[in-house]
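Sequences are here, hints too, so could you generate the full structure?
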Amino acid sequence: MDLGLDLGPHASFIWSSYAVVTVVVGVLIAWLIVDGREQERRLSELAARGVKRRSQR
Amino acid sequence: MQQSLTQRLANPTRFMELSAAMLPWVAAAAAVVIAYGLYLSFFVAPPDYLQGETARIMFIHVPCAWLSMAVYALIAMSSFGLLVFRHPLADVSAKTAVPLGAAFTFLALVTGSLWGRPTWGTYWVWDARLTSVLILFFLYLGLMALRSSIEEEQLASKLTAILALVGIVMLPIIKFSVNFGNTLHQPASVIRAGGPTIDTALLTPLLVMAVGFTLMFVAMHLKAMRNEILRRRVKALQIAEVERAQAAQLAAAE
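Chains as they are written, first to last, in this note's numbering: chain H, 1423 to 1479; chain W, 43 to 296.
Treat the hints with care, as some may be off.
Quick list of the computed label-pair ranges, beta carbon to beta carbon [as the list claims (entries may be wrong)]: (1) Leu-60(W) to Glu-1467(H): 55 to 61 Å; (2) Trp-1453(H) to Val-126(W): 28 to 34 Å; (3) Val-74(W) to Gly-1472(H): 54 to 60 Å; (4) Asp-1428(H) to Leu-60(W): 46 to 52 Å; (5) His-227(W) to Ile-1455(H): 33 to 39 Å; (6) Val-1456(H) to Val-74(W): 22 to 28 Å; (7) Ser-1466(H) to Asp-241(W): 50 to 56 Å; (8) Thr-1444(H) to Thr-242(W): 25 to 31 Å; (9) Val-1446(H) to Ile-177(W): 51 to 57 Å; (10) Leu-176(W) to Val-1456(H): 39 to 45 Å.
Calculated from the structure, these hints are not laboratory results. Just so it is clear, CB atoms sit at the ideal spot from N, CA and C, and this is done for glycine as well.
Written out as C-alpha cells, the structure is:
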C-alpha cells in the first residue's frame, strides 16, 4: 500500500502504525454497534412478553 | 429552581434523549476532522528535518497518548462523582470509559514502539516514560478485572472507583517522566511552559488529528454509555420478571 506516496525506507513502520490504529478503532466501533443492537433486541423481547418499564406502561 | 447542566444530565432518561440527538453529529464531526487530519498528515505536512517520514507516526501516536491520560482523568472525575455526589450517571461514565482508555493506551504503546524502532533502533526500553505508560495500561486492565470479579454491582462500582482515584497518581508521573532519569523519549514539545517547540507545519496536522480523535472518543463514550444504560434496564426488567413470576407462583400455591 503506498497511495502514490514515497514514505522512504521506513514506510512499513508508518503503514503498520496507521493499520493498527484503524483495526483497533474499527473493532471498537463494531463492538459498540453490535452491543447496542443486542441490548435493544433484549429490551424488545422483554417488552413483547409484557415486561416494560413503569414509564412505558 | 433552575437545574444545572450536570443535574439535568443526571437523569438517565434525559441523557438518552440528549445523547441520541448529539451522537450522529459528534460522530460525523469526528469522521470529517479525522479525514481532514489524515489529508494534512500525508499530503501537506513535510517530512521532519531529523526523523524524516517516520515523524508522520506522531499524528496518530500523540493523540492516542493524550487520550490515554485524558480518559483516565475522566474516569477519576467520574469515580469522584460516584463516591462523593452519588451521581447516577457517574458510574456509567467511569465503567464505559475504561475499555476505551485501555484501547487508546494500547495504541499509544504500539505506535510508539513502531516509531521507536526506526528512530531509536529499538522497539522498547524500560525507561520512565514507556514503563509508566505500560503501568497505566495495566491499571486499565486492573480496573476491568476488579469490576468483573465482583458480582454485586454497587460494591464493584465503589471499589473500582477507589482504585481509579488511587491510580490518578500515574498521570503526573507519566507527564513528568521525561524530565527525570535517562530516557530515549523526547521531552514535551506541545503542552509545555513557553509554548510549543514543534514547527507549525507539523503542529497543525497534529492538533487537527488530536481534535478528531477527541471527538471520536466522545462519540464512542456516548454510545458506550447508552449501551450500558440499556444493559442496566434489561437487567432490572429481567429481575422484575422473575419476581413477578415468583409472586404468581406463591399466589397460585396459596
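Hint check results:
Checking the proposed 55 to 61 Å range against Leu-60(W) and Glu-1467(H) shows it is violated: the Cβ atoms sit about 26 Å from each other. At about 31 Å, the CB distance of Trp-1453(H) to Val-126(W) agrees with the hint of 28 to 34 Å. The given range of 54 to 60 Å is broken by Val-74(W) and Gly-1472(H), whose C-beta atoms sit roughly 44 Å from each other. Evaluation of the 46 to 52 Å hint for Asp-1428(H) and Leu-60(W) yields a pass: the beta carbon distance comes to about 47 Å.
Range check, His-227(W) to Ile-1455(H): about 36 Å between beta-carbon atoms, so the 33 to 39 Å window is met. At roughly 24 Å, the beta-carbon separation of Val-1456(H) and Val-74(W) lies within the given 22 to 28 Å, and the hint holds. Checked against the hint of 50 to 56 Å, the pair Ser-1466(H) and Asp-241(W) passes, with Cβ atoms roughly 55 Å apart. For the hinted restraint 25 to 31 Å between Thr-1444(H) and Thr-242(W), the CB-CB distance of approximately 27 Å keeps it satisfied.
The given range of 51 to 57 Å is broken by Val-1446(H) and Ile-177(W), whose C-beta atoms sit roughly 20 Å from each other. At roughly 30 Å, the beta-carbon separation of Leu-176(W) and Val-1456(H) lies outside the given 39 to 45 Å, and the hint is violated.
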